[in-house]
Structures are given as structure tokens and as C-alpha cells.
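Chemist: Per the UniProt record's numbering, the very first residue in the sequence shown carries number 1; after that it's consecutive.
Worth flagging that the hints you see were computed from the coordinates, not collected in a lab.
Fair warning: there could be bad hints in the mix.
Derived Cβ-Cβ restraints for the label pairs, each shown as a range [said to hold, decoys possible]:
{"hint": "1", "residue 1": "P590", "residue 2": "E471", "range": "30 to 36 Å"}
{"hint": "2", "residue 1": "E460", "residue 2": "D528", "range": "25 to 31 Å"}
{"hint": "3", "residue 1": "L313", "residue 2": "T268", "range": "56 to 62 Å"}
Glycine included, C-beta positions come from ideal geometry on N, C-alpha and C.
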Amino acid sequence: MPVPPSSGRRGRRGRHRSLFTRVGRVFDAVRGRMMAIILLAAMPIALIGAVQAWHSYHNTLEAPGYRTDMAVARIDLELHHESEHLASLLQAVARMRLDSGGLARMLQLVESLTGRHYSQIALADDRGNIAAAVGPDHDATPLSIDEMPRFQGDVKLVAIPDALTGVPDHFRITVGAMIGDDAGRPARSGYLTAIMPLSWRSAMLQSSDPRLDLMQQNGPIQIWVMDTHARATVPLCADCNWQDHPPARIMQWARFEVMHGVEHDHITLPEGSYSIGRVQGGVHVLTMTRRNASERHAVVMFAISLVTSGVLLLVGLLGASKSADVLVITPLRQLTASVNQWQLGGVYDVRSNWAMPLEVRQLAHAFSKATRRLARHEKRLERAQVRQELLLKEMHHRVKNNLQIVASLLNLQAGRIRQPGAREEFAQARDRVRALATLHRYLYADGELYSLNMQSFVRELCGQIMHAIGESDEDRITLDIRVDDLLMVPDQAVPLALIVTEAVSNTIKYAFPDQLHGTLEVGLRALDGGRACLWIADNGVGMAAGRNLRGAEDERSGIGMQLIRGFARQLGGTLQMFEENGTRYVLVFPLKQPDQDELAD
């Protein structure tokens with residue numbers, strides 16, 4: 001069966017209240033509060049130390065990441081220097097304004113001066129067709145539009161991917177040039193272009209080259225060049241014995257970064273840090289660096305210091321807790337146990353000694369004086385309570401007797417009256433007085449001075465009314481009492497008894513004319529929300545029909561309904577009357593609970 005959302009919310013609120021209750025109980029005791037005070041006192045120092053340790057640990061963890069970021073920046077800087085150097089050479093040749101033959105010979109000179117490092121140095125016409133080329137790469141593919149400079153003096157740098165892997169392995173650098181005639185005058189425009197390898201070889205670098213710091217055999221730093229989709233990689237150093245490919249999860253991370261257009265980012269893992277970045281020509285490179293010995297040592301020392309600090313803090317808390325238990329909590333427990341024993345009727349006896357704190361000794365002495373005074377006051381209050389109960393019982397007894405005398409006088413007076421209407425009025429007044437007398441008899445006879453058991457009271461009251469009207473010994477009207485075992489304060493019992501008296505009397509008089517048989521039901525039940533419901537129902541002919549049969553002389557009995565409505569308003573309830581298959585009175589009213597202290601007394 002699915003649980004309604006409201007019940008789920010109530011369950012969560014109940015669990016939260018239960019959790020708060022358990023936490024509150026922990027801090028409600030002296031030990032919990034002392035532990036909280038110790039923790040609050042030690043917290044600032046511990047927090048400062050933890051922040052400093054975490055800052056150092058974080059810097060240690062991020063150190064490989066900083067190195068990889070610096071490696072990406074170094075690679076970009078070296079490629080920038082190298083491309084600028086080559087572009088400067090080409091621009092210097094272009095400014096000579098030589099003819100085609102002179103430019104070709106000058107390109108051969110440039111190749112020899114650069115140690116044949118470049119794959120190709122070529123001269124192209126204004127359409128990009130290769131006119132002359134030197135170097136090991138004899139590819140004569142014309143220049144594309146993207147590889148041509150946009151204006152004179154512009155330098156165009158384009159990455160050339162490998163045909164198989166798609167990973168850039170060369171850069172093409174192109175500058176504009178003016179090709180002269182035999183006299184050295186500008187004749188037509190063209191381009192000087194050179195193909196520079198992207199990969200580095202440590203064997204070809206001089207000992208003073210700064211790139212040797214990055215290019216080490218099995219060194220702490222490794223660098224890969226990636227394709228535009230980060231699906232393939234090639235080591236930047238061809239003879240450094242680096243891994244061919246980074247780990248698969250790093251490639252997944254790199255693809256995610258490239259897909260979202262991230263220019264630069266790094267990730268730190270237990271085995272090291274990885275950085276991805278864009279360098280010259282829009283090429284993506286991936287660098288990796290491992291932690292060195294000092295960084296690994298710092299991580300281990302951080303873990304050791306963290307565990308040591310936690311153990312020392314725990315030992316300090318346990319020591320403080322034990323000391324507090326011996327010096328403070330145990331004397332307070334003795335004092336509390338003695339007070340509880342005295343509260344249960346025992347003797348308060350706490351022997352203070354010098355092992356107790358001064359405040360506890362003073363508290364024990366104050367309790368000793370207070371308990372002696374309270375004992376004397378309790379004896380006086382007990383004697384006063386006994387006298388008060390005797391007086392209340394005597395008062396209810398006298399009120400009951402006086403009410404019975406009044407009822408008897410009304411009955412005698414009614415016997416001397418010959419007019420039926422006046423005699424009926426006296427009889428109704430007598431029944432009301434008898435109802436009050438019955439209520440007071442219950443109050444003093446049962447000893448319930450502050451509450452009344454409505455089950456037995458209503459049963460006797462209805463029987464008394466039946467007897468007064470003369471229906472008790474006949475089987476014509478069946479009385480059905482359905483009253484719960486309910487306690488009610490006298491302030492509500494009095495108007496309720498009068499309502500029952502009026503309603504039952506009216507029902508017996510009007511609901512069953514001409515010796516009709518029927519059932520009279522009287523009920524009282526507690527409802528939810530601190531309310532109660534009284535109902536009086538019959539299966540007779542109904543109030544209106546009964547009055548019509550009795551005649552106009554009974555119209556004066558309408559005072560009964562006025563009393564019923566007035567007492568209902570006094571109870572603060574809602575009265576409804578239904579006339580269908582008989583008459584039914586229904587009264588719903590707020591139920592006042594008897595004072596628990598009075599019930600306990």
C-alpha cells in the first residue's frame with residue numbers, strides 16, 4: 001500500500017525530533033557539557049593547526065600540477081621561439097629581393113646553417129605552387145589558402161597532421177616574399193615556406209639547450225601531442241623512452257576537456273598530475289609529472305601528523321572526562337541519588353567531604369535545609385488537605401440534603417395543586433432539583449470531589465427520571481444507556497445533567513402517547529480533538545406529533561427546549577435535533593479534562 005506524502009513528511013519529522021532528542025540527552029548531562037566545553041576550548045587551536053596542515057598538504061598535492069602547467073607553458077614558449085627564429089630567417093631572405101635562382105641558392109645556405117633540421121625549405125609563386133625546394137622532403141604539394149599569409153610581412157604558422165594517426169607532427173611556416181629580376185628590382189610576389197618538425201630529439205640538442213630539462217630518459221615529466229579530438233597521442237620526444245600513450249582514463253578526461261573547448265586545465269591523481277593545454281598552431285599537448293621523494297614524504301608526514309593529533313586529542317578528552325567524573329560528576333551523582341531517594345519518600349542524607357567541590361558542598365547543605373523545611377510544610381499541608389476534603393464532603397452532603405428537601409417540598413406542593421399545568425411545572429422543577437441532588441451525592445459519596453464518573457451517574461439519573469414519571473416498573477419504554485467510562489468536571493456535569501433531565505423527560509412525555517412501546521437511547525462518548533458527544537434518541541412519534549396529541553395545554557413545556565439550548569451554550573457546544581423515525585438530540589461540546597494534580601490527590 002503506498003504511503004501518502006504527508007505521512008512520509010511526518011515520519012521524517014519524527015526521525016528528526018528523535019535525533020535531536022538523543023543529541024539533547026547527551027548534552028543534558030554534566031559530562032556531555034564538560035566535554036563540549038573542552039572541545040570548544042581546544043577547537044580554535046586544532047582548527048588553526050588543521051588549516052595550516054591542510055594548506056601545506058594541498059600545496060604538496062598541487063605541486064605536480066603546477067609543474068605540468070609550467071611544462072605546457074615551457075613547450076609553448078620553446079615552439080614560439082623556434083617558429084619565430086625560422087620566420088626571421090625566411091623574412092631576412094625575403095627582404096633580399098633576389099631572383100628565383102638566387103632565392104633557391106639562399107635557401108640551400110639557410111638549410112646548411114640550420115644543420116638540416118627542417119624537413120623542407122621552399123620557394124612558392126603567388127599561387128602557392130612550389131618553384132624550388134631544398135631538404136629531405138621533396139613533396140611539391142601547392143600551398144593551401146590557409147597556409148598563405150594574408151598580407152606582406154605576415155607570418156603564417158599551420159600544424160600539419162600525420163596521415164595515419166592524425167596527430168600533428170610538423171609545422172609549416174610561410175612568409176610573403178618579392179621575387180626580383182636580374183637587376184634586383186621587384187618583379188612578382190611569392191612565398192617562402194619551411195616545414196619544421198614538431199617532435200624533439202634529445203640527441204640533436206646542444207648541451208645548453210633549455211629543452212633538455214624536459215627531455216630526460218624515463219624522467220619525471222612526459223609530454224604527448226594529441227590530435228584535434230584527443231583520440232590519438234604521440235610522445236613529443238622521439239628518443240626519451242616515454243610511454244606511447246597516457247592511461248585510458250586520462251584520455252577520456254582529455255577528450256572531455258577538448259570537446260568542451262577548454263584551453264587549459266589539469267587533474268591530480270595519486271600517481272601524478274596531468275595537464276592539457278593549447279600551444280602554437282592550435283596544437284593540444286598533454287603533460288604528466290610524478291611526485292618526487294620530498295612530496296611523497298610530505299604526504300606521509302601529513303597522514304602521520306593527522307592521526308597523531310587525533311589520538312592526542314582523544315587521549316586528552318578521555319583524561320578530562322575521567323577527571324571530571326571523579327572530581328565533579330560522582331559527587332553530583334551522590335547528591336542526585338539522595339534527592340531522588342528523598343523524593344520517593346526516603347531520607348535525604350548526603351555527607352559532604354573535602355573531596356567534593358565547594359559548590360557541591362554548598363548545594364548539599366542548601367538541600368539539607370530545604371528538605372527539612374519541606375518536610376514540615378508537607379505535614380502541615382497534609383493536615384490541611386484532610387480538613388479540606390472533610391469540609392467539601394460535608395458541604396456536598398448538606399447541599400444534597402437541602403436539594404432533596406426542596407424536591408420533597410415541591411412534590412408536596414404539587415400534590416395540593418389541582419390545575420394540571422401548574423402541577424406539571426412543579427414536577428419538572430422537582431426533577432431538575434433531584435438531578436442536582438444526585439450529582440452532589442456522587443461527589444461526596446464516591447470521594448470524587450473534582451471529577452465525576454459519568455457512566456454510573458447518567459445511568460442512575462435516567463432511572464430516577466423514569467421512576468419519577470412512573471415508567472420504571474413497566475416494560476413499555478426500554479432504556480438503553482450507552483455511556484463511556486468518562487470523567488467530567490462538575491462545572492460541565494451540572495449543565496449536562498440538566499440537559500439529560502429535560503430531554504429524557506420530554507421524550508417520555510411526548511414520544512410514546514397512547515401507551516405506545518419504544519426504546520429510549522442515551523449515549524455519551526469522547527471524540528478526537530478533546531471533544532465529547534451526547535445523544536438522546538427515541539423511536540417514538542416525534543416531539544411535534546406528541547405535543548399535538550397531548551393538546552395545547554402542554555405548550556408551556558417549551559421552556560424545556562429553552563433550558564436545553566441554554567445549557568448547551570453554557571457548555572460551548574453545538575446542539576442539533578432531528579425528527580425522523582422519532583426524535584434525536586445530538587450535542588457536541590469541548591471536554592474539559594480534570595486537573596491531574598487534583599486527580600492524584
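Chemist: Are the hints correct? Go through all of them and say.
Modeler: Hint-by-hint comparison with the structure:
The hinted window of 30 to 36 Å between P590 and E471 holds, with their beta carbons roughly 33 Å apart. At about 28 Å, the CB distance of E460 to D528 agrees with the hint of 25 to 31 Å. Checked against the hint of 56 to 62 Å, the pair L313 and T268 fails, with Cβ atoms roughly 29 Å apart.
Consistency with the previously given hints fails for number 3 only.
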